[in-house]
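Engineer: The chain contents come next:
There are 2 protein chains.
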Amino acid sequence: MEISRENISDWLKKLQDSICSDLEQADGGSKFEEDNWIRSEGGGGRTRIIKEGNVIEKGGVLFSAVHGATPDFLLKEKVHSNLAIAKADQANSNFFATGVSIVIHPKSPMVPIIHMNIRYFEMDNGIKWLGGGIDLTPHYINENDAKFFHGELKRVCDKHDPTYYPKFKKWADDYFFINHRKETRGIGGIFFDKVNEEISFEKNLNFWKDVGTAFAPIYVELINRNKNKQYTDKNTQWQLLRRGRYVEFNLVYDKGTKFGLETNGRVESILMSLPKLAGWEYDFKPEKNSEEEKTLNLLKKDVDWINTSG
Amino acid sequence: MEISRENISDWLKKLQDSICSDLEQADGGSKFEEDNWIRSEGGGGRTRIIKEGNVIEKGGVLFSAVHGATPDFLLKEKVHSNLAIAKADQANSNFFATGVSIVIHPKSPMVPIIHMNIRYFEMDNGIKWLGGGIDLTPHYINENDAKFFHGELKRVCDKHDPTYYPKFKKWADDYFFINHRKETRGIGGIFFDKVNEEISFEKNLNFWKDVGTAFAPIYVELINRNKNKQYTDKNTQWQLLRRGRYVEFNLVYDKGTKFGLETNGRVESILMSLPKLAGWEYDFKPEKNSEEEKTLNLLKKDVDWINTSG
Chain F
13 MEISRENISD WLKKLQDSIC SDLEQADGGS KFEEDNWIRS EGGGGRTRII KEGNVIEKGG
73 VLFSAVHGAT PDFLLKEKVH SNLAIAKADQ ANSNFFATGV SIVIHPKSPM VPIIHMNIRY
133 FEMDNGIKWL GGGIDLTPHY INENDAKFFH GELKRVCDKH DPTYYPKFKK WADDYFFINH
193 RKETRGIGGI FFDKVNEEIS FEKNLNFWKD VGTAFAPIYV ELINRNKNKQ YTDKNTQWQL
253 LRRGRYVEFN LVYDKGTKFG LETNGRVESI LMSLPKLAGW EYDFKPEKNS EEEKTLNLLK
313 KDVDWINTSG
Chain W
13 MEISRENISD WLKKLQDSIC SDLEQADGGS KFEEDNWIRS EGGGGRTRII KEGNVIEKGG
73 VLFSAVHGAT PDFLLKEKVH SNLAIAKADQ ANSNFFATGV SIVIHPKSPM VPIIHMNIRY
133 FEMDNGIKWL GGGIDLTPHY INENDAKFFH GELKRVCDKH DPTYYPKFKK WADDYFFINH
193 RKETRGIGGI FFDKVNEEIS FEKNLNFWKD VGTAFAPIYV ELINRNKNKQ YTDKNTQWQL
253 LRRGRYVEFN LVYDKGTKFG LETNGRVESI LMSLPKLAGW EYDFKPEKNS EEEKTLNLLK
313 KDVDWINTSG
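As you go down the protein sequences, you meet chains F and W in turn. Using our numbering, you'd call the opening residue of the first sequence number 13 and step up by one each time. Using our numbering, you'd call the opening residue of the second sequence number 13 and step up by one each time.
These aren't lab readings, by the way, just hints derived from the structure by calculation. Treat the hints loosely; a few may be bogus.
[Unchecked claim] Restricting the straight-line Cα-Cα distance to at most 25 Å, the calculated cross-link-like pairs of lysine-lysine (PhoX-like) are:
(1) Lys246/F x Lys288/W
(2) Lys300/W x Lys288/F
(3) Lys171/F x Lys206/F
(4) Lys267/W x Lys306/F
(5) Lys239/W x Lys119/F
(6) Lys297/W x Lys63/F
(7) Lys43/W x Lys297/F
(8) Lys63/F x Lys300/W
(9) Lys297/W x Lys270/F
(10) Lys270/F x Lys306/W
(11) Lys63/W x Lys239/W
(12) Lys288/F x Lys43/W
(13) Lys288/F x Lys288/W
(14) Lys297/F x Lys246/W
(15) Lys119/W x Lys300/F
(16) Lys297/F x Lys119/W
(17) Lys306/W x Lys43/F
(18) Lys306/W x Lys288/F
(19) Lys63/F x Lys246/W
(20) Lys270/W x Lys312/F
(21) Lys119/F x Lys267/W
(22) Lys288/F x Lys119/W
[Stated by the list, open to error] For each label pair, taking beta carbons as the anchor points, the in silico distance ranges come out as:
(23) Gln37/F x Asp314/W: 47 to 55 Å
(24) Lys312/F x Phe271/W: 21 to 29 Å
(25) Glu274/F x Glu293/W: 19 to 27 Å
(26) Asp316/W x Lys43/F: 44 to 52 Å
(27) Asn309/F x Asn240/W: 41 to 49 Å
(28) Asp314/W x Lys312/F: 19 to 27 Å
(29) Pro83/F x Glu299/W: 47 to 55 Å
(30) Asp186/W x Asn191/F: 24 to 32 Å
(31) Asp295/W x Pro298/F: 33 to 41 Å
(32) Ser212/F x Glu305/W: 26 to 34 Å
Think of the CB as a built atom: it goes at the ideal place given N, C-alpha and C, for glycine as much as any other residue.
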């Protein structure tokens, strides 16, 4: 099949359909509602939101495909190491970007928050790249779940290149880091961007599609493992504080959020990532030897989830 | 009395004492707890936090006085229009900064959120300036309260200079603006910075002290006017969404917060500004002709609160 922007965005739309269907089934209570929107400068999106489900309290599975004059920030960036592109070329170039973004905030503090994004970008002058990632933010870290989650991501990576998992796992650790707290957002996952230059675009596209396809079965498994666990008010209070940290990361550090807000993106789609409720408590310290303390102590970079747990 | 950094920071400590005492009395239920902290590079602070009061759900009145090598960002900034300072001079300069910062989140959606900050900055080479402001974020805008609030601020300003209120009111409108929402954080107030260069420092210091002193009586009056008003679950839901916007402003735009987080400031003191609970709802639209819609429609710049209301 020819690789074209139309083929890629059609594939993403189908992925959005199948993920929404899998999540509705796993939730068993609520359905996605759809908002179609148009970008005045070109393109638009299909935002799907689910709320007040049995499992999912608030979540979104978003598709978008936008195009137009390439934004300044991209023209300034050195995008390719092995392509010499005249500035003049870039200045006249239009861009096309398409992707699927997901954030799911579950109701139960025992079910982890998940985030996925896969994106494709091209310019008229031939530059194109793929990026994406999946990362998990458990309110309480369960080491078996962490091992399963990272094991599945490693399996997807290893199928394509044995160097991918260690490289993209580290990238996620570094990216999903709340610097002012000196803690990671969650247990990380994989993150990658612009990985098409040294090898074939087709190889990368296959890997990238496999990441998108891996999302639903991984998260449905994590939902099923945890959705029936009992929890207390204390667990819910802790969930609110962890969600507060999630808000801090997204508003202070997340590049997609910052870029979207600065470039007049569709605010409601960008900020669908924020939870229904989040909390802050001055100088909160978890009790000694509590589950909350255990989780806090594990929110750091470079944990080998596959080999140290379980 | 001689103007010195010691005198100014002593004055600020006494202001912190008297504001805490006035707020405890107005609350009638809870007391401030104090945290003293030390900054490794020089100086420290006295953080006072109140929570779960009759009126105040979560709030802080913070004093700090820090010193050390002048941060890079300030050396790069052109700080004085009428002083020619050799770069070499600046590079060798130490700084001293002291201030009081307040954010109060009330429990009742009928009582407004308030923020105040006054700050003094000097460098060893003789550069010094004052800055500050007070602004109000009602969950529901009451036009009589808005008229009272702005009227009081105008009175403080007019006592010193008739140009201050219009200038500093506009500054607040421009500063407390959530650009991605195209709405102001609340009804503004006054905001000023580096206002010492064209007139005498002493004149400015007197104005600045009057702003600090005006805070408690203004807010206590607003508490007393509103604390006994009835409210519903719908009002509380709306309050959560307004607090969500407050979080967005503070984490995305507020310069003090950004600077603090980027320069390894004391996170718990910086983020005391965030509420106990905040909420987000996808694409929330208030009902037609509701109080919520009325408030949203008033969240804009350049409203003449003194002359159009009441």
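Engineer: None of the hints should be skipped; say for each whether it holds.
Structural biologist: Now the hints, each set against the structure:
no. : hint                            : in the structure
1   : Lys246/F x Lys288/W             : holds, 15 Å
2   : Lys300/W x Lys288/F             : holds, 23 Å
3   : Lys171/F x Lys206/F             : holds, 19 Å
4   : Lys267/W x Lys306/F             : violated, 34 Å
5   : Lys239/W x Lys119/F             : violated, 33 Å
6   : Lys297/W x Lys63/F              : holds, 16 Å
7   : Lys43/W x Lys297/F              : holds, 20 Å
8   : Lys63/F x Lys300/W              : holds, 23 Å
9   : Lys297/W x Lys270/F             : holds, 24 Å
10  : Lys270/F x Lys306/W             : violated, 29 Å
11  : Lys63/W x Lys239/W              : holds, 16 Å
12  : Lys288/F x Lys43/W              : violated, 30 Å
13  : Lys288/F x Lys288/W             : holds, 14 Å
14  : Lys297/F x Lys246/W             : violated, 32 Å
15  : Lys119/W x Lys300/F             : violated, 30 Å
16  : Lys297/F x Lys119/W             : holds, 23 Å
17  : Lys306/W x Lys43/F              : violated, 32 Å
18  : Lys306/W x Lys288/F             : holds, 23 Å
19  : Lys63/F x Lys246/W              : holds, 18 Å
20  : Lys270/W x Lys312/F             : holds, 23 Å
21  : Lys119/F x Lys267/W             : violated, 34 Å
22  : Lys288/F x Lys119/W             : holds, 19 Å
23  : Gln37/F x Asp314/W: 47 to 55 Å  : holds, 51 Å
24  : Lys312/F x Phe271/W: 21 to 29 Å : holds, 26 Å
25  : Glu274/F x Glu293/W: 19 to 27 Å : holds, 23 Å
26  : Asp316/W x Lys43/F: 44 to 52 Å  : holds, 47 Å
27  : Asn309/F x Asn240/W: 41 to 49 Å : holds, 46 Å
28  : Asp314/W x Lys312/F: 19 to 27 Å : violated, 48 Å
29  : Pro83/F x Glu299/W: 47 to 55 Å  : violated, 37 Å
30  : Asp186/W x Asn191/F: 24 to 32 Å : holds, 29 Å
31  : Asp295/W x Pro298/F: 33 to 41 Å : holds, 35 Å
32  : Ser212/F x Glu305/W: 26 to 34 Å : violated, 55 Å
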